[in-house]
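Chains as they are written, first to last, in numbering that gives the first Met the number 0: chain A, 0 to 298; chain B, 0 to 321.
Just so you know, these hints were derived from the structure itself, not from any lab. All C-beta atoms in this analysis are idealised placements derived from N, C-alpha and C, irrespective of residue type, glycine included. Hints are supplied without guarantee of correctness; some may be wrong.
Cβ-to-Cβ under 8 Å is the rule here; a few derived chain A residues that face chain B [to be verified]:
1. 106
2. 118
3. 236
4. 274
5. 277
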Amino acid sequence: MEGLRVKLHSNQRTRFVISNLTVAILNGVVWGLIMALIALGLNMIFGLLHIINMAHGALYMLGAVVAWYFIELTGSFWIALIIAPLCVGVIGLIIERGLIRKIEDKPIITIICTFGVMLAVQQLVLMIFGGSPRRIAPPIAYRFPIFTLQYPLMRIMIALISIGLMSGLWIFLRKTKYGLWMRAVVQDREMAVGLGIPVNKVYMWTFVLGSALAAFSGVLAAPIVSVEFMMGREVLIMAFIIVIVGGMGNLEGSVLAAIIISLIQGVGSLFAPPSVATIFALGFMIIVLLIRPQGLFGE
Amino acid sequence: MFIQKGRSFGFILVFVLILSVLFALPFFVDLFYQTFLTELFVWILFAISFDLIFGYTGLLSFGQALFFGLGGYAVTILIKKFGLSTEPALLFSIIIPMIFSWFVGYFSVRLTGIHFVIITIIFAIIGNIIGDTWTSLTGGTDGLTFSPRPFRLGLFQINLMDIKGNYYFVLAIVALGYLFLRRMVQSPLGKVFISIRENEERARLIGYNVQRYKLIAFVIAGGLSGLAGGLYSLTLKYAAGSYLHWSVSGHAVVYTIVGGMGTLIGPAIGAGIVLSLEHYLVNFLQATDLVVGIVLVVMVLLAPKGLVGLIQSKWKKGKGSA
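Taking the hints into account, I'd like the entire structure generated from these sequences.
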């Protein structure tokens, strides 16, 4: 940067800064939309089941890993994008039916239990998939110019797919019977039981849906980041931050928080080292936790 | 009263017996197992300090890794960069984490349940990032190595560079830590901790300042976690930012759940079992955490009170039928 600054003319310099800034903003939005999907899954599970799923990051990682295998097998990213969330959804089903159902009324114990699941899944992937990071080539290689830089079209596609998924989820929650049930259970569990809503089943499908959303974001993130068994660990924490800042149980808040935080991180990393940006984000979250535990956008 | 006395006599007997076995052990096992056992003692201290905050006070803190790592850094940096001798450095590995745990606890104990868990994770992550990036002080991700001077107490002297000397040194401190914690949980203060775990609302209504007692438990646990970290660094002659990663706290969670929370002896047994299992499995399984994770899930589902709880209920049942 320093060397470039000296050599460039002022006009070129402005263009250089603007293109860098544009790319940082675009990256922030794309990553924010992916994080929003992860956080939505985590937040839906929290809002309904009142449990913190520590294995959520592992499910995100699993989505990417399963996608990698399907891409090796079929050569198509798009098939993997459909199949990987289905597979992870089934795993979510097993986790919910086999483990969480049995300890649902003990929130602290579920944290420990899902922490165990996280360890087991991560290490299972390490054994089968190996420890070295692998890349998934973006299915659309085209790059379009932004001032002086090139930007991959694939990232725009990823953003559009995320938006599509979120709109689908919104319609599902607003317009379908299951969506209505889910909202009813969130509002008043006792009343929902009284009205004959199969709460047990709603729990199950919420967990499956949340797991599938994590897997979706894993597949979508795969062409941007590298696929490895630890990729879910830091993402899990970011998802926590987003859910808390946006408000636990507040889905719209999560989407908003995801995009804002990713933008701040993306643009901030142009001016400060990423570790400083992360520490600021974490410090901000501590303040939110202490002053507004219901989240920034909660009422 | 009689039962209490009988129990305490039995405890002393068993404690002395175990200590003498552990005292004699280095004469029968090789250096590798001496190192293994030394590390096991350190993890036991870490686990029982976690048990004070989780098992007795009911606060699931994933932030204990922060204090563990701080203790490790305190010993390492004070000895390496400030040329301190071992005794004050080890003292600082208790004091510095206590100061930090007071700071972290001051904010954290205001929150309950899931929020408490998350805020402790965040503090640990901040510590981990600072440890990894403040290279001039901490050595960054490479960490720092050092050689401690012999530990002196009056005429008594232990060479910590010698594996056997280090073994006895760690054993003695962990045993003292165990006795300290046992005394603490049996004291009136310990009873307050338990009452907060059992029913926070009721404890408040009786008139206890619940937040202050939580903070006391947090600071004591933090200091002992720091001591464990300091001993760990003295054993490995090394400290790094990875000690502060929140998942290190997961070790303590696993040992405590497997052994039985709120029992002190449980986490110690849990640490022994899990570490031995890992040590045995590592020969033919690359990923020992797989088994640890499965063990954790199974214990949570089938025996939430851990092995100690399992044995106690069996014993009671047997007594009841007889």
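Tested hints:
no.: 1; hint: 106; result: holds, 6 Å
no.: 2; hint: 118; result: holds, 3 Å
no.: 3; hint: 236; result: holds, 6 Å
no.: 4; hint: 274; result: holds, 5 Å
no.: 5; hint: 277; result: holds, 6 Å
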